[in-house]
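Those protein sequence lines, which keep their order, are chains A and B. For the first sequence, the working numbering begins at 1 and goes up steadily by one. For the second sequence, the working numbering begins at 1 and goes up steadily by one.
Read the hints as simulated data drawn from the structure, not as lab findings. Incorrect hints may have been included.
When chains are identical, the list treats them as one kind, so a pair holds in a single copy or across two.
[Stated by the list, open to error] Listed next, the in silico BS3-like pairs over lysine-lysine satisfying Cα-Cα at most 25 Å (straight line):
id, residue 1, residue 2
1, K153, K175
2, K153, K305
3, K149, K228
4, K87, K223
5, K315, K358
6, K101, K78
7, K123, K284
8, K210, K101
9, K357, K123
10, K210, K94
11, K87, K228
12, K265, K94
13, K223, K328
14, K149, K265
15, K265, K228
16, K94, K175
17, K228, K314
18, K228, K330
19, K328, K284
20, K328, K362
21, K328, K305
22, K87, K305
23, K357, K87
24, K357, K330
Only a predicted model underlies this, so the values are computations on that prediction, with no experimental measurement involved.
What follows is each chain in one-letter form.
Number of protein chains: 2
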Amino acid sequence: MEKEPLLMLPGPVPMPERVRYAMMRQAINHRSAEFGAVYADSVRVLKTVFGTANDLFVISGSGTAGMEAAVANFGRDKEIACIVNGKFGERLYKISQRYGKAHEIASAWGTPVNLAALEEQLKAGAEIVTLVHNETSAGIKNPAPEIGKLAHKYDALFVMDGITSIGGDLVESDKWGVDIAIVGSQKCLAAPAGLAAISVSSRAWERLSKNPPYYLDLAAYRKSASGKQMETPYTPAVPLFLALREACLLIEEEGLANRIARHQKMSAAVRAAAQEWGLSLFPKLDAHHTYSATVTAVSYPDGIKDDEMRALIKKMGIVIAGGQDHLKGKIFRIGSMGAVGAPEILATLAATQYALKKLGYKTHGDGVQAAAEVLG
Amino acid sequence: MEKEPLLMLPGPVPMPERVRYAMMRQAINHRSAEFGAVYADSVRVLKTVFGTANDLFVISGSGTAGMEAAVANFGRDKEIACIVNGKFGERLYKISQRYGKAHEIASAWGTPVNLAALEEQLKAGAEIVTLVHNETSAGIKNPAPEIGKLAHKYDALFVMDGITSIGGDLVESDKWGVDIAIVGSQKCLAAPAGLAAISVSSRAWERLSKNPPYYLDLAAYRKSASGKQMETPYTPAVPLFLALREACLLIEEEGLANRIARHQKMSAAVRAAAQEWGLSLFPKLDAHHTYSATVTAVSYPDGIKDDEMRALIKKMGIVIAGGQDHLKGKIFRIGSMGAVGAPEILATLAATQYALKKLGYKTHGDGVQAAAEVLG
């Protein structure tokens with residue numbers, strides 16, 4: 001068998017050896033000081049990565065469980081303004097519909113958030129705003145600080161899904177007025193899939209909804225985390241916690257600023273290649289929005305078929321993402337999250353350039369060389 | 001550092017090497033045929049272990065998430081009869097209170113289920129019955145077949161928490177009329193903590209509640225599992241799925257009947273030791289109830305302090321459980337779940353016998369020898 005394929009997706013992402021090997025140890029008691037220290041190490045580092053001094057918990061469940069925890073604990077029967085310019089904004093809207101009166105603030109996927117419509121909704125009484133900071137479905141980064149300001153101006157809670165930005169891009173939850181932030185383990189943290197972390201501001205605690213769900217009851221998480229050793233209310237996914245701790249220690253060792261700079265450089269390299277090839281980046285930006293630093297979405301040129309291109313790339317052991325839902329066949333996406341560096345980016349771009357040419361697209365210039373100029 | 005402690009708890013339990021090592025591999029794409037096969041292998045074996053031909057899904061979350069999925073998807077706004085004779089029955093009652101009109105059918109922990117009170121509640125219109133099959137908090141096994149019969153007689157759904165029986169003791173979900181059964185990964189399956197599996201009968205699907213939660217929406221699990229490759233609706237905890245598959249293959253290799261016989265023998269050995277020591281088993285049984293085959297709860301004799309005894313045993317590298325809630329200090333519990341065999345049981349009983357004597361209890365006879373007679 002060949003070496004495992006290189007996953008250049010917007011999650012899951014390749015994990016460093018230290019993270020993977022942390023999982024293979026024997027079961028430990030999750031009601032022990034040892035487990036408490038594992039949990040506490042992760043929380044300490046994650047608070048830095050979130051840019052928060054707020055309470056922070058780790059949930060045994062995927063990022064979606066974290067999104068639901070935010071809405072279910074703070075949004076029940078509330079007016080919720082849901083910003084939607086991609087698949088995950090849509091998911092937060094769908095979750096919000098199950099708990100409160102959800103209002104969609106929609107713009108086309110990959111286009112700027114409609115800040116005026118948001119302000120209207122806030123004036124009309126929205127009590128919570130939900131935002132996906134980094135919308136991987138479209139490769140766009142949304143203006144969290146501006147949205148935080150608006151939410152606070154109208155005394156609304158601000159829920160920010162930072163699932164694919166936290167740990168890879170600059171996030172300053174407290175400075176931006178984020179009341180509830182969420183990250184997933186298998187994205188920029190480069191840990192295995194299956195955990196979500198969530199931070200909660202004191203302002204949010206004051207507005208805790210009644211009758212939360214049971215497994216995602218954040219008050220229970222708070223109670224269990226505040227004893228003499230940190231615990232979770234229900235049995236945690238211990239191997240994943242062991243891996244997350246290792247991933248967090250690696251972030252601490254790299255230094256958060258270095259890590260963010262690395263992510264920015266990697267995504268800049270992908271964008272440079274796309275530009276050199278003469279391809280368009282999918283997002284349509286304005287002054288408030290930027291390209292994602294953790295995934296790059298590129299529009300297919302006419303005549304290139306998604307399945308053919310990704311199959312050629314996969315044959316070389318590299319997996320990139322296509323578009324989701326109505327963007328299937330329209331875009332391809334290259335993740336640059338977590339532990340990836342120049343080798344992975346160069347290999348991916350070389351394979352992509354090869355595939356584009358093979359399928360008859362005339363690249364304007366040498367994208368691989370352009371990317372190397374950024375990376376070097 | 002010494003070898004890791006031997007966990008003789010009612011979960012988590014020691015994992016075989018093959019199970020642990022399955023987790024250390026590199027991330028794989030969970031939207032791939034490879035992951036689909038991993039999921040399908042587990043489902044195939046789990047259906048045998050559950051004794052069911054019903055749909056079966058694996059949720060990335062603990063057993064509690066599985067319990068909530070059962071109640072939230074089938075119990076919203078319903079009359080729910082919750083049988084409570086231990087901590088986990090109580091938990092199902094608490095979860096049920098968040099979704100429906102929950103009625104507690106209570107008896108003291110470790111004492112028989114009040115079948116007459118259950119029948120009254122069913123006559124009065126209960127639409128669902130919840131039961132913990134094997135109540136680890138008290139070491140009692142509840143009469144699931146009788147309760148299934150009663151539930152069906154009154155056309156109610158039967159939710160059975162088999163978290164600590166399935167994979168270790170005989171469970172025949174379909175024969176017993178169990179509509180929804182749940183297992184946790186870190187108990188008799190001897191896999192890591194963090195996954196729950198849940199089966200759903202066609203009778204239950206017909207009565208699916210409206211407005212389920214999002215992350216635990218079982219209709220979404222059904223949809224994702226029924227494509228050309230099995231998937232989960234949201235990102236699964238991939239390393240845990242890899243480990244669960246290995247744990248399931250080990251069950252297949254051992255043979256379910258052999259595995260159940262092994263569990264029965266191990267718990268019989270613990271009971272034989274307790275009897276020889278002159279100690280009482282905690283549960284009070286009647287003709288419908290038996291001792292648990294996966295955990296044994298023993299009442300402390302007068303004068304023996306729980307923390308002192310368990311500390312002496314822990315000093316020898318073995319961890320047994322005390323009592324929970326109001327049973328703290330009153331009982332100790334020895335798990336015999338999953339991969340444990342004679343070496344672990346003998347070591348645990350020898351350490352317990354030593355501790356009892358050290359603390360001044362006059363054992364009637366040699367419990368270790370009595371256990372060895374059962375095991376040999």
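Now for the hints, and whether the structure bears them out:
1. K153 - K175: within (14 Å within a copy, 60 Å between copies)
2. K153 - K305: neither (47 Å within a copy, 58 Å between copies)
3. K149 - K228: For K149 and K228, the Cα distance exceeds 25 Å both inside one copy (37 Å) and across copies (46 Å).
4. K87 - K223: between (34 Å within a copy, 19 Å between copies)
5. K315 - K358: This pair counts as within: shortest intra-copy Cα distance 13 Å, inter-copy 67 Å.
6. K101 - K78: both (6 Å within a copy, 24 Å between copies)
7. K123 - K284: Cα proximity of K123 and K284: none, with 27 Å in one copy and 63 Å across.
8. K210 - K101: Answer is both; intra-copy 16 Å and inter-copy 17 Å each pass.
9. K357 - K123: neither (52 Å within a copy, 73 Å between copies)
10. K210 - K94: both (20 Å within a copy, 15 Å between copies)
11. K87 - K228: So K87 and K228 pass the 25 Å test across copies only (23 Å; inside, 41 Å).
12. K265 - K94: The answer is neither: 34 Å in one copy and 50 Å across copies each exceed 25 Å.
13. K223 - K328: For K223 and K328, the Cα distance is within 25 Å only across copies (20 Å; inside one copy 44 Å).
14. K149 - K265: Classified as neither: same-chain Cα gap 29 Å, cross-chain 65 Å, threshold 25 Å.
15. K265 - K228: neither (42 Å within a copy, 39 Å between copies)
16. K94 - K175: For K94 and K175, the Cα distance exceeds 25 Å both inside one copy (28 Å) and across copies (38 Å).
17. K228 - K314: Classified as between; 20 Å across copies, 50 Å inside a copy.
18. K228 - K330: Cα proximity of K228 and K330: across copies only (23 Å, versus 53 Å in one copy).
19. K328 - K284: within (18 Å within a copy, 62 Å between copies)
20. K328 - K362: The answer is within: 22 Å in one copy meets 25 Å, while 74 Å across copies does not.
21. K328 - K305: within (10 Å within a copy, 65 Å between copies)
22. K87 - K305: within (22 Å within a copy, 57 Å between copies)
23. K357 - K87: neither (30 Å within a copy, 64 Å between copies)
24. K357 - K330: Cα proximity of K357 and K330: one copy only (18 Å, versus 75 Å across).
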